[in-house]
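**Q** One-letter residues, chain by chain:
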Amino acid sequence: MSLITPEIKSLIDPVVSSLKRHQIEGDQEIALAIAQLLMKVISAARWTNTYDLISIIRQVGIIIHKAYPRKIIPGNIVRRVLALIRDEIETEHENTPMMSSMFSLLSTTKCEVREDHSKKQMSDMRAIIIQGIRDLVDEITNVSEGLETMCVDLIHDNEVLLTPTPTSDTVLNFLIKARTKRNFTVLVMENYPNEIKKAHQFAKTLAQHNIETVLIPDTTTYAVMSRVGKVIIGTNAVFANGGCLSNSGVANVVECAKEHKTPVFAVGGLYKLSPLYPFSRDDLIEVGNSGHVLNYDDFELVDNVEVVTNPLEDYIPPEHIDIFITNIGGFAPSFIYRIVLDNYKVEDNKLE
Amino acid sequence: MPPKSKKKEASPVATKSKSKKEIVKDDRFQAIVLTDSFQTRFMPLTAVKPRCLLPLANVPLIEYTLEFLAQAGVNEVYLMCSSHADQIQTYIENSKWSQSKNSPFHIATIMSLESRSVGDAMRDLDNRGLISGDFLLVSGDVVTNMDFSKCLNFHRAKKSSDKDHMVTMVLNQASPLHRTRSYIEPATFILDKKTDRCLYYQGIPSVDGKKTSINIDPELLEDIEDEFVIRNDLIDCHVDICSPQVPQIFQENFDYQTLRSDFVKGVLTSDLLKKTIYAYITEDSSEYVARVESWGTYDAVSQDILARWCYPIVPDSNLIEDNSYNYEFNNIYKEDKVILAQSCKIGTSTSIGTKTVVGEGTCIKKSVVGRNCKIGDNVIINNSYIWDNAVIKDNSVLEHTIVAANAEIGANVTLNPGSVIGFNVIIGDNKVIGNNVRIVESQIVREGDDFNNSFSDSEDEEEHAKPAVVIPDFAVEDIDLVGEQGKGFMYVSDREEDEDFDESESVADSYSGMIYQMKHLNVSDESIASISNRRTKRRSHSRNRRYSANSMISDGGFITDDDGEEEDFTKEGVATVARAIENNHDIDTALLELNTLRMSMNVTYHEVRSVTVQALLNKIVEFVSTDTLKPQEAGTKIFNHWGPMFTRQVFSSEEQVDLLNILEDKIEQLSSSYNQVILFLAVKTLYDLDITEEENILEWWDAKGDEAEVRQLTSKFITWLQEADEEEDTDSDSDEE
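For the protein sequence lines, the chains are Y and C, in the order given.
Residues in the first sequence are numbered from 1 upward in steps of one, following the UniProt record's numbering.
Residues in the second sequence are numbered from 1 upward in steps of one, following the UniProt record's numbering.
Hints were generated in silico from the structure; no laboratory data involved.
Honestly, I wouldn't trust all of these hints.
[Unchecked claim] Here are the simulated lysine-lysine pairs, BS3-like style, with alpha carbons at most 30 angstroms apart:
hint : chain 1 : residue 1 : chain 2 : residue 2
1    : C       : Lys96     : Y       : Lys66
2    : C       : Lys150    : Y       : Lys198
3    : C       : Lys571    : C       : Lys637
4    : Y       : Lys20     : C       : Lys150
5    : Y       : Lys230    : Y       : Lys258
6    : C       : Lys431    : C       : Lys365
7    : C       : Lys96     : Y       : Lys40
8    : Y       : Lys198    : C       : Lys158
9    : Y       : Lys350    : Y       : Lys9
10   : Y       : Lys197    : C       : Lys150
11   : C       : Lys374    : Y       : Lys66
12   : Y       : Lys9      : C       : Lys355
13   : C       : Lys158    : C       : Lys275
14   : C       : Lys337    : Y       : Lys9
15   : C       : Lys355    : Y       : Lys66
16   : Y       : Lys177    : Y       : Lys204
17   : C       : Lys345    : Y       : Lys66
18   : Y       : Lys9      : Y       : Lys345
19   : Y       : Lys230    : Y       : Lys261
20   : Y       : Lys20     : C       : Lys337
21   : C       : Lys374    : C       : Lys431
22   : C       : Lys666    : C       : Lys630
23   : Y       : Lys20     : C       : Lys96
24   : C       : Lys355    : C       : Lys431
25   : Y       : Lys20     : C       : Lys366
26   : Y       : Lys20     : C       : Lys355
27   : Y       : Lys20     : C       : Lys365
28   : Y       : Lys20     : Y       : Lys9
29   : C       : Lys150    : C       : Lys275
30   : Y       : Lys197    : C       : Lys194
31   : C       : Lys96     : Y       : Lys350
32   : Y       : Lys66     : C       : Lys366
33   : C       : Lys96     : Y       : Lys9
Turn these sequences into a full structure, and let the hints steer you where they fit.
**A** Written as structure tokens, this is what we have:
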């Protein structure tokens, strides 16, 4: 913990407490907040060696993870940044060996030169990493744009779509964008009991964009499934095995879809990809406010019922998803591990 | 410290064009936390630790309140500390709130050591002049996840539409028998249907599902134009947004003690003040607001937190930095490094702190276990709260109990529902602790009148001085209780003694019984009933009339009964007279007090007489039993001195007879060795004092004749009365012994 100096701590603390209080809403906002934080940490931290920086970032990652253990996104961002730094080191090393081999021909004090060299490079390094994070921020903010380019290819005219995740802005933008070229109907599931208001708002926004929208209760999923052409789900996190976390209730929907052989599209930005594997379902799923499930005023029930559980998420196994649509293209679940390898370094999978 | 009201005045000028009510423009939002409850409901544990530092689901209670304030976007927090102020201060200084620069608010403790009630604290606050604008007033035991911004918007909207607006109370909806509702201070709110303006506040003397009726003075309802609703389904969690006038009103009305029954009621019923109070009722089913104000609510709120009703305030949000709780299905929370035996069973809604060891075959369900606890094999723990470092040995059974930090429970011990094991207590093997028994480490010493003072003093001593030797007086009883190897004393709530205490408020609140007012538990305490009835007495001061037409039966299906009140008067009345005798008040004062009591409780003179008689006799018995005086002397002394009280309690000849009957009834119950003398003295003194007239004495006498044993001595006096026509004979002639 000695790596975390008071200055860094004072940078982290507000983010940690707002994560703990769930004050940052939406995955994208969380991702951006973490990216910004890391940028500040990198510029504030004192480091002479890039490896020091890596261990500092790892420490920060642990603290952030503890603040909200069930959220995958903060960990993703931290690992992305770490991968970015490691990439820089690699390119550095690719350059320096060439240089040093030249030097070594001339000079015997090879090591000193390298050290000196790296010191000079340090400020450059800082700038390069920060630029890398800036690019990451851009990538996160422009997730929808990347997705939108694909929508025309995936959605056909007069198709009936079903979305069980009315809380996802990505899905919303995806559909709105598709409307510019295609004419289709969207069935929106209410997603009771959490964030029903948001579901209603979602349906309303779609309707305002001239999309034929039907809001259906969650119970009718199976009945309507035979008419549905595609199921589009938003994701909270995508794991390396191709499974993903989505809103609670989605697991049922994709099960129905499988029964009817309806294709399921999972939509999500690249930053939702996680290098982790979902080993235990219990550790993944966030459990929310019981008050949404059962009215707390109802004393008789509240007192006599053993456990009221309101899981906020469902784990969707990879075999229930046909294609992942990300801002860098569509991939089969079985291919996700490849994308993960491109974006993360294996040595950072475990931060502790 | 911030300048008092300068800043406040400055800003409205700028925004004058908009409206005058923009006073809230001040960008700071202050919160006052009353860390002291001014009650002793959590005794005996609060003798060692203040209530707000007691752990609730292994997190000190105050953390929940501060977390709420942080969420609410408060900028300045002032903690009003009185009892155990030093402990609270130390805690706050070492907490994340004041240590890190990134604390969401500026926090300061205010030592208000003199405060004995909410009213005192508010007056102290006013004297200090800290308040610069509207502020949030909460008690240090609130647990909530509500969206405060909505409430603040409501407050601001009301403020701009009603310039007399002074307080917004936050209320939460819950059925009358809800477990998180306080059973000790239940209250009904009468609200304007449209505007949610609170028109009237009325405490209900309802307790453990018995009587419930409220009285509304029709005059109060006259001004109301619109429809109003009477609501008994609201949890009052003492979260208020107050305007700066509030402390001033407390200052002006120096007799205000409590926030609700004095202040809110006073403001609403006052004709002069013309201020309004609004109620904000949380609508969203996911909004949770509760106060931990009794053992009952402690249990309920703990369970609610474990069951995630208060999400995102749940154990796994790890409010304290070094906590590491992790959620598992069925609401099980475990910290790192918990060692569970292979065969132990952890049931639903359980939280276990770090480094706790649980033995083989042990079952834990709906409980909270603190850190570093050692729980042996085959222990059964149900609905219990075990604080840090406690040790529970093999085969013990704990049901609905609280085991405070560092306590040790021997093997094969049974703790029955309601028992509270205090800090550092040791219970020997094979003991059974009965229902609602509270055990403390050492005697809690209290001296006479200044109950609160001695109380907080003794606490400190207790902490340091741990008596190794058991005080002989109690040794027998306590070895029975805690066993040979044990350490601990039975804690008896000094309610009886407290009744001497002038402030009936604190009498009511001194109730510290460990009650789980859940239906499945037998609530044996009639004491709660008597307490809240006593409160009624105070409330109904202004309104003696009872309007049965207006009485509201709450939906719990209660039955109305008034018996409690009379019974209660007896207690209170006897105490009043006893106090007068004790402190040697003059008779006028005693009578005045008694009379007030009579009026407020709406009882007849018959009761007044009987309590007076009872009190006088009690005193005599006391003298006799302690051998201070002989029965004869005691009787003469008491009746001569206090007999004149009856002059203003007896007005007609029937009443004289009644008085004599009461005397006889009561005296008959005294020890037969001296009751004859007492009766004789009583009758004689009353006759001498011209309280009872000759013919009435004779009438009383003739009604029964002289068969009764107690009358034997008196019969001679009667004979003398019958014979003698002239008064000025000697008194002492007819003396017999």
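**Q** Each hint should be assessed against the structure and marked as holding or not.
**A** Taking the hints in turn, this is what the structure says about them:
A distance of roughly 16 angstroms separates the Cα atoms of Lys96 of chain C and Lys66 of chain Y; the hinted pair therefore holds under the 30 angstroms criterion. Taken as a hint, the Lys150 of chain C and Lys198 of chain Y pair is honoured in the structure, with Cα atoms around 18 angstroms apart against an allowance of 30 angstroms. A threshold of 30 angstroms between alpha carbons decides the hint, and for Lys571 of chain C with Lys637 of chain C the separation of about 24 angstroms falls inside it, so the pair holds. Among the hinted pairs, Lys20 of chain Y with Lys150 of chain C is consistent with the structure: their alpha-carbon atoms are about 21 angstroms apart, no more than 30 angstroms.
Using a Cα cut-off of 30 angstroms, the hinted pair Lys230 of chain Y and Lys258 of chain Y holds, with the two alpha carbons roughly 11 angstroms apart. Straight-line distance between C-alpha atoms of Lys431 of chain C and Lys365 of chain C comes to about 22 angstroms, which keeps the hinted pair within the 30 angstroms bound. Proposed proximity of Lys96 of chain C and Lys40 of chain Y is supported: the alpha carbons are some 22 angstroms apart, at most 30 angstroms. Distance hint between Lys198 of chain Y and Lys158 of chain C is fulfilled; the C-alpha atoms sit about 28 angstroms from each other, no more than 30 angstroms.
Straight-line distance between C-alpha atoms of Lys350 of chain Y and Lys9 of chain Y comes to about 22 angstroms, which keeps the hinted pair within the 30 angstroms bound. The suggested pairing of Lys197 of chain Y with Lys150 of chain C holds, with an alpha-carbon distance near 16 angstroms, which does not exceed 30 angstroms. Annotation: proposed proximity of Lys374 of chain C to Lys66 of chain Y holds, straight-line Cα distance about 27 angstroms (limit 30 angstroms). The straight-line distance between the Cα atoms of Lys9 of chain Y and Lys355 of chain C is roughly 27 angstroms, inside the 30 angstroms bound, and the hint therefore holds.
Taking the CA atoms of Lys158 of chain C and Lys275 of chain C, the gap is about 13 angstroms. The hint holds against a cut of 30 angstroms. Between Lys337 of chain C and Lys9 of chain Y the CA atoms are separated by roughly 26 angstroms; this keeps the pair inside 30 angstroms, and the hint holds. Taking the CA atoms of Lys355 of chain C and Lys66 of chain Y, the gap is near 19 angstroms; set against the 30 angstroms cutoff, the hint holds. A distance of roughly 16 angstroms separates the Cα atoms of Lys177 of chain Y and Lys204 of chain Y; the hinted pair therefore holds under the 30 angstroms criterion.
Annotation: proposed proximity of Lys345 of chain C to Lys66 of chain Y holds, straight-line Cα distance about 27 angstroms (limit 30 angstroms). This hinted pair checks out: Lys9 of chain Y and Lys345 of chain Y have alpha carbons roughly 26 angstroms apart, not beyond 30 angstroms. A threshold of 30 angstroms between alpha carbons decides the hint, and for Lys230 of chain Y with Lys261 of chain Y the separation of about 10 angstroms falls inside it, so the pair holds. With a C-alpha separation of about 22 angstroms, the suggested pair Lys20 of chain Y and Lys337 of chain C falls inside the 30 angstroms cut-off, and the hint holds.
This hinted pair checks out: Lys374 of chain C and Lys431 of chain C have alpha carbons roughly 19 angstroms apart, not beyond 30 angstroms. At roughly 19 angstroms between alpha-carbon atoms, Lys666 of chain C and Lys630 of chain C fall within 30 angstroms of each other, so this suggested pair holds. For the suggested pair Lys20 of chain Y and Lys96 of chain C, the alpha carbons sit about 14 angstroms apart, so the restraint of at most 30 angstroms is met. Among the hinted pairs, Lys355 of chain C with Lys431 of chain C is consistent with the structure: their alpha-carbon atoms are about 27 angstroms apart, no more than 30 angstroms.
Taking the CA atoms of Lys20 of chain Y and Lys366 of chain C, the gap is about 25 angstroms. The hint holds against a cut of 30 angstroms. With a CA separation close to 24 angstroms, the supplied pair Lys20 of chain Y and Lys355 of chain C stays within the 30 angstroms bound. A threshold of 30 angstroms between alpha carbons decides the hint, and for Lys20 of chain Y with Lys365 of chain C the separation of about 27 angstroms falls inside it, so the pair holds. Note on Lys20 of chain Y and Lys9 of chain Y: the hinted pairing holds, with a Cα-Cα distance of about 16 angstroms set against a maximum of 30 angstroms.
Under the criterion of a C-alpha separation no larger than 30 angstroms, the hint pairing Lys150 of chain C with Lys275 of chain C is consistent with the structure, at around 23 angstroms. Proposed proximity of Lys197 of chain Y and Lys194 of chain C is supported: the alpha carbons are some 25 angstroms apart, at most 30 angstroms. The hinted pair formed by Lys96 of chain C and Lys350 of chain Y meets the criterion: a straight-line CA distance of about 28 angstroms does not exceed 30 angstroms. Taking the CA atoms of Lys66 of chain Y and Lys366 of chain C, the gap is near 26 angstroms; set against the 30 angstroms cutoff, the hint holds.
Our distance criterion of 30 angstroms between C-alpha atoms is met by Lys96 of chain C and Lys9 of chain Y, whose separation comes to about 12 angstroms.
Comparing the model with each numbered hint stated earlier shows that all of them hold.
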